[in-house]
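Chemist: Sequence:
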Amino acid sequence: EDSKQKCSCDACKDKYVRLSNLKAPSLTQRVNKTAVAVIIGWILFGYLTYKVSTVEVDIEVWDPYEILGISEGASSDQIKKVYKKLSLQWHPDKAPEDQKAEHEIKFIDITKAYKVLTDDDIRKNYEEWGHPDGKQ
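For the sequence shown, the residue numbers in my numbering are 4 to 139.
Read the hints as simulated data drawn from the structure, not as lab findings. Computed from a predicted structure; not experimentally measured. It cannot be assumed that every hint is accurate.
List of simulated lysine-lysine pairs, PhoX-like, C-alpha gap at most 25 Å [what the hints assert, rightly or not]: (1) Lys87 to Lys26; (2) Lys54 to Lys84; (3) Lys83 to Lys127; (4) Lys16 to Lys26; (5) Lys97 to Lys115; (6) Lys109 to Lys87; (7) Lys83 to Lys54; (8) Lys36 to Lys9; (9) Lys36 to Lys26.
Distance ranges between label pairs, derived from CB positions [stated by the list, open to error]: (10) Glu130 to Phe48: 56 to 62 Å; (11) Thr57 to Val34: 47 to 53 Å; (12) Asp66 to Gln92: 16 to 22 Å; (13) Val55 to Asn35: 27 to 33 Å; (14) Ile42 to Asp66: 47 to 53 Å; (15) Trp65 to Trp45: 39 to 45 Å; (16) Glu69 to Ala104: 20 to 26 Å; (17) Ile42 to Gly72: 55 to 61 Å; (18) Val58 to Glu131: 29 to 35 Å; (19) Phe48 to Lys18: 29 to 35 Å; (20) Glu69 to Ile42: 24 to 30 Å.
Glycine included, every Cβ here is placed at the ideal spot set by N, Cα and C.
Hey, can you work out the whole structure from these sequences and the hints?
Modeler: Pasting the structure below:
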């Protein structure tokens with residue numbers, strides 16, 4: 004480098020000093036940043052895996068017998084009798100204003116359960132496949 008001509012003005016000398024002070028990050032600095040990023044990534048992956056594996060899922064199985072409060076071997080007459088009683092009890096028109104939404108949901112569920120258990124084809128599907136629409 005000494006053989007090359009360098010400008011010796013003050014501005015160029017300052018520039019050469021600044022450039023000589025600038026260094027590329029060393030290998031250990033680059034490795035450390037990469038290692039930290041990898042470690043943080045694995046910690047995050049482990050945490051997410053743990054959270055996913057410990058999530059509790061409440062699966063409610065729709066059961067028309069349970070909704071109507073009858074046993075699985077109930078006759079059509081028993082089903083009709085229980086349906087009439089429950090439909091009168093849970094009919095939305097007979098509910099207080101603040102409970103209409105709850106009664107409407109319950110009434111719809113009772114009506115669906117009644118239809119499933121009184122229609123022969125739908126009841127056969129439910130008993131065979133566990134769902135009123137058949138195999139899912």
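Chemist: Each of the hints needs a verdict: does it hold here or not?
Modeler: Against the structure, the hints:
| no. | hint | result |
| --- | --- | --- |
| 1 | Lys87 to Lys26 | violated, 87 Å |
| 2 | Lys54 to Lys84 | violated, 48 Å |
| 3 | Lys83 to Lys127 | holds, 18 Å |
| 4 | Lys16 to Lys26 | holds, 17 Å |
| 5 | Lys97 to Lys115 | holds, 19 Å |
| 6 | Lys109 to Lys87 | holds, 14 Å |
| 7 | Lys83 to Lys54 | violated, 47 Å |
| 8 | Lys36 to Lys9 | violated, 37 Å |
| 9 | Lys36 to Lys26 | holds, 17 Å |
| 10 | Glu130 to Phe48: 56 to 62 Å | violated, 45 Å |
| 11 | Thr57 to Val34: 47 to 53 Å | violated, 34 Å |
| 12 | Asp66 to Gln92: 16 to 22 Å | holds, 19 Å |
| 13 | Val55 to Asn35: 27 to 33 Å | holds, 30 Å |
| 14 | Ile42 to Asp66: 47 to 53 Å | holds, 49 Å |
| 15 | Trp65 to Trp45: 39 to 45 Å | holds, 42 Å |
| 16 | Glu69 to Ala104: 20 to 26 Å | holds, 22 Å |
| 17 | Ile42 to Gly72: 55 to 61 Å | holds, 57 Å |
| 18 | Val58 to Glu131: 29 to 35 Å | holds, 32 Å |
| 19 | Phe48 to Lys18: 29 to 35 Å | violated, 47 Å |
| 20 | Glu69 to Ile42: 24 to 30 Å | violated, 51 Å |
Hint compliance for this structure: hints 1, 2, 7, 8, 10, 11, 19 and 20 are broken, all remaining hints hold.
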